[in-house]
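Starting from the known structure of chain A, arrange chain B on it as the hints suggest.
Protein chains in written order, with the working numbering: chain A, 1 to 412; chain B, 413 to 824.
Note that these hints are calculated values from the structure, not bench results. Wrong hints could be hidden among the right ones.
[Claimed, not checked] Taking lysine to aspartate or glutamate and the EDC-like style, the derived pairs with C-alpha atoms no more than 16 Å apart in a straight line are:
#1 B:824 x B:703
#2 A:230 x A:405
#3 B:781 x B:803
#4 B:670 x A:45
#5 A:280 x A:170
#6 A:121 x B:530
#7 B:692 x A:45
#8 A:363 x A:389
#9 B:533 x A:45
#10 A:333 x A:268
#11 A:280 x B:695
#12 A:363 x A:84
#13 A:377 x A:405
#14 A:258 x B:457
Here the structure is a predicted model, which means the values were calculated and not measured.
Read off the chains here:
Number of protein chains: 2
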Amino acid sequence: MVRYILITIYNMKKQLSLLAALLLLSVCTFAQQALWGGANIISPEINNDNTVTFRYLAPVADSVQLTGDFLPTVKVKTQWGPMDAPGKVNLTKDDKGVWSVTTSKLEPELYSYSFIVDGVKVTDPNNVYLIRDVASVTNVFIIKGDKGSKGDLYSVNNVPHGTVARRWYDSPGLGMKRRITVYTPAGYEADTRTKYPVLYLLHGMGGDEEAWINLGRTAQILDNLIAEGKAVPMIIVMPNGNAAQEAAPGESSLGLVKPTMMLPKTMDGAYEESFMDIVKFVESNYRVKADKSGRAIAGLSMGGFHSCHISRYYPNTFDYIGLFSPAIMPNEKATSKVYADFDGTLKKQMDNGYKLYWIGIGKTDFLYKSVADFRAKMDAMKMPYTYRESEGGHIWVNWRIYLSEFAPLLFK
Amino acid sequence: MVRYILITIYNMKKQLSLLAALLLLSVCTFAQQALWGGANIISPEINNDNTVTFRYLAPVADSVQLTGDFLPTVKVKTQWGPMDAPGKVNLTKDDKGVWSVTTSKLEPELYSYSFIVDGVKVTDPNNVYLIRDVASVTNVFIIKGDKGSKGDLYSVNNVPHGTVARRWYDSPGLGMKRRITVYTPAGYEADTRTKYPVLYLLHGMGGDEEAWINLGRTAQILDNLIAEGKAVPMIIVMPNGNAAQEAAPGESSLGLVKPTMMLPKTMDGAYEESFMDIVKFVESNYRVKADKSGRAIAGLSMGGFHSCHISRYYPNTFDYIGLFSPAIMPNEKATSKVYADFDGTLKKQMDNGYKLYWIGIGKTDFLYKSVADFRAKMDAMKMPYTYRESEGGHIWVNWRIYLSEFAPLLFK
Chain A
1 MVRYILITIY
11 NMKKQLSLLA
21 ALLLLSVCTF
31 AQQALWGGAN
41 IISPEINNDN
51 TVTFRYLAPV
61 ADSVQLTGDF
71 LPTVKVKTQW
81 GPMDAPGKVN
91 LTKDDKGVWS
101 VTTSKLEPEL
111 YSYSFIVDGV
121 KVTDPNNVYL
131 IRDVASVTNV
141 FIIKGDKGSK
151 GDLYSVNNVP
161 HGTVARRWYD
171 SPGLGMKRRI
181 TVYTPAGYEA
191 DTRTKYPVLY
201 LLHGMGGDEE
211 AWINLGRTAQ
221 ILDNLIAEGK
231 AVPMIIVMPN
241 GNAAQEAAPG
251 ESSLGLVKPT
261 MMLPKTMDGA
271 YEESFMDIVK
281 FVESNYRVKA
291 DKSGRAIAGL
301 SMGGFHSCHI
311 SRYYPNTFDY
321 IGLFSPAIMP
331 NEKATSKVYA
341 DFDGTLKKQM
351 DNGYKLYWIG
361 IGKTDFLYKS
371 VADFRAKMDA
381 MKMPYTYRES
391 EGGHIWVNWR
401 IYLSEFAPLL
411 FK
Chain B
413 MVRYILITIY
423 NMKKQLSLLA
433 ALLLLSVCTF
443 AQQALWGGAN
453 IISPEINNDN
463 TVTFRYLAPV
473 ADSVQLTGDF
483 LPTVKVKTQW
493 GPMDAPGKVN
503 LTKDDKGVWS
513 VTTSKLEPEL
523 YSYSFIVDGV
533 KVTDPNNVYL
543 IRDVASVTNV
553 FIIKGDKGSK
563 GDLYSVNNVP
573 HGTVARRWYD
583 SPGLGMKRRI
593 TVYTPAGYEA
603 DTRTKYPVLY
613 LLHGMGGDEE
623 AWINLGRTAQ
633 ILDNLIAEGK
643 AVPMIIVMPN
653 GNAAQEAAPG
663 ESSLGLVKPT
673 MMLPKTMDGA
683 YEESFMDIVK
693 FVESNYRVKA
703 DKSGRAIAGL
713 SMGGFHSCHI
723 SRYYPNTFDY
733 IGLFSPAIMP
743 NEKATSKVYA
753 DFDGTLKKQM
763 DNGYKLYWIG
773 IGKTDFLYKS
783 VADFRAKMDA
793 MKMPYTYRES
803 EGGHIWVNWR
813 IYLSEFAPLL
823 FK
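So here's chain A without its partners, still in its complex pose (with noise of 0.2 Å):
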């Protein structure tokens, strides 16, 4: 093929033509491609029965491995005790050094995954789908499965699609401009008379204002949600809730710096004190139902503390609240104001009412037992709230699917 294109190239006369030019541009992806150790392969290969078949080049690799949210979890002995651990299996070489394996038949979902070879994790070359959580990067992929299934609900369909855009506020509140992701329905642009309503959603902690719109698949869920009438057209905020962050890692004047999870001003009180910059923000550039009635807030683990917090600091600004997988927790040595009084506040967001105060959690989370005794103080107090309790543990798969079932119960 190389060569075929090279004699093609090397018999041109003097006037290229298109036809060279073109070869002549592939000649450069095939030698880079070439040189660079890389080879046409495909990985992953999903086949017709939903078994995924995985590929890595290796010639001389003694071992490879794949390990990936698919497979069944291992328990690994340590010194506090069994603990679980991502599954793995090894893969087998043929002759031309590719190694292979394919999986059992998978449910439909989005997945992720990484090769081990001899002992260290390496992205697949093969795959240039990615995405960054905190500060790994690991390759995905998607099982489609039928219409309505989480894989269909997670994947870019023939549908109207939302705007994404990225854009930057002025917080006083916090003293600097800030990055924020906003998704405004299809047909936004073009409804000016609507008013639309508006959810803000918050990223866990090590999260920015890229997790959920890309972790999260929040684009692709609410265009699918929309299309089939399952969740009204709707406005989603993504902020960024480390208030001592402008912007997410490589998006800030900081540089492209190493992600961490561990950040100051995260659970402090600053965000919540300077929530409404945000609220102001979209509430004067946006064309939305500026009421609570019109106003949801929503956010996993860090961002369901946070939502727990803002909602009943600013008791009668949001009709639905959604905690998924949420720190509760009474934050004993934190000075601000948003903390105090919470049992006082918990009760006046309540008598104030509210439309919908939803809490999901898996069953294996580490945040369970927390959440158990928040509803035994909601039980108690008489607050009104909707469980939801699924399988596994604090993970995305389990986020993904607490917003696909929460944005339906929004604004009806």
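Relative to chain A, chain B alone:
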């Protein structure tokens, strides 16, 4: 560290304290890193003297090399003669299994690199900054340098930031909805009296509506040029130039497919014929200066081809034309009316007048000769143009430079 954290957790009483919960979240990350073979390695580390240290953990590998566009290229012998290949350097291993190498001092620039481990190209697991180019994903880093340097111009700085939106527009000419990337400058949303000029910025073969915003650093370059007063505030529209494609790979209902360089309907006239669908969308959805003096069109490689043909096919539409390493060539096989009467329409474009016809190309670009032929044609016609000859070849390094030099010349 992990031991300390876990002991803290195991000492916890019934009520989770905020601190303990924070630490628990960290443990999840720590545990995962440990299980997945990660370690807290900094790579790349940009040293104070602008040398760069790269590190890669691979205890049992026999060889780890670094390749990148900052290393001198090497000539390799092939059956067709000597060819340039990316340079490589060897890393050395310490007693912990971490391989490392430090470069010589690098000039300010955005650079790309990969590791080669036992002959196989891999990404750097400690660097989350990756950019896709067609079907390859490569790590990047920036040497920032002094104010005004290329590295500075490609960085996010403390300046007002524009908005970047991914939208979908209707193309009746191509019979589909299509995805498009739009940069609106800082102040666009607030300054509702001003009408902004528009630069239509087109990608090359294998690219799509993600190419300029990611590989081209368009938002950073324009934010910085506008903040310094070097360019006027303008909207940049980055369409998808592959007329058979609705959207970039992964962003259409085709799913997470492997991108390819060769696509149908890229240089057959379909895109040029339907280009006014894009202009119409922009001029009815944005507050723009909707006349010739407010329109510029530029593109790289195939996008230069498109810009050349679109601007002469609609010969009184654009006052500013930029051809970056353009694929200038007669299209002998295409039957589209777009390519008929090249010389006549070019003359018509000249007679109608324009303010700038800018051509940039690298000295070693494989398209150098065809651009020289095109310039000879223009000279013979006495058709005015500005010519910029740079070092180097058909690479993004040059296209970022050309955008940085072209944008300041527009709309003044």
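The hints, checked one at a time:
Restraint check for residue 824 (chain B) and residue 703 (chain B): the C-alpha separation of about 14 Å stays at or below 16 Å, so the hint holds. With a C-alpha separation of about 10 Å, the suggested pair residue 230 (chain A) and residue 405 (chain A) falls inside the 16 Å cut-off, and the hint holds. Among the hinted pairs, residue 781 (chain B) with residue 803 (chain B) is consistent with the structure: their alpha-carbon atoms are about 15 Å apart, no more than 16 Å. Distance check on the hinted pair: residue 670 (chain B) and residue 45 (chain A) sit about 10 Å apart at the alpha-carbon level, within 16 Å; holds.
Using a Cα cut-off of 16 Å, the hinted pair residue 280 (chain A) and residue 170 (chain A) holds, with the two alpha carbons roughly 10 Å apart. Our distance criterion of 16 Å between C-alpha atoms is met by residue 121 (chain A) and residue 530 (chain B), whose separation comes to about 14 Å. A threshold of 16 Å between alpha carbons decides the hint, and for residue 692 (chain B) with residue 45 (chain A) the separation of about 40 Å lies outside it, so the pair is violated. Among the hinted pairs, residue 363 (chain A) with residue 389 (chain A) is consistent with the structure: their alpha-carbon atoms are about 7 Å apart, no more than 16 Å.
This hinted pair does not check out: residue 533 (chain B) and residue 45 (chain A) have alpha carbons roughly 20 Å apart, beyond 16 Å. In summary, the hint linking residue 333 (chain A) to residue 268 (chain A) is supported, as the alpha carbons are separated by about 9 Å, within the 16 Å threshold. With a C-alpha separation of about 29 Å, the suggested pair residue 280 (chain A) and residue 695 (chain B) falls outside the 16 Å cut-off, and the hint is violated. For the given pair, residue 363 (chain A) sits about 14 Å from residue 84 (chain A) by alpha-carbon distance, which is consistent with the 16 Å threshold.
Restraint check for residue 377 (chain A) and residue 405 (chain A): the C-alpha separation of about 24 Å exceeds 16 Å, so the hint is violated. Between residue 258 (chain A) and residue 457 (chain B), the direct Cα distance comes to roughly 10 Å. Compliance with the 16 Å bound is thereby established for this hinted pair.
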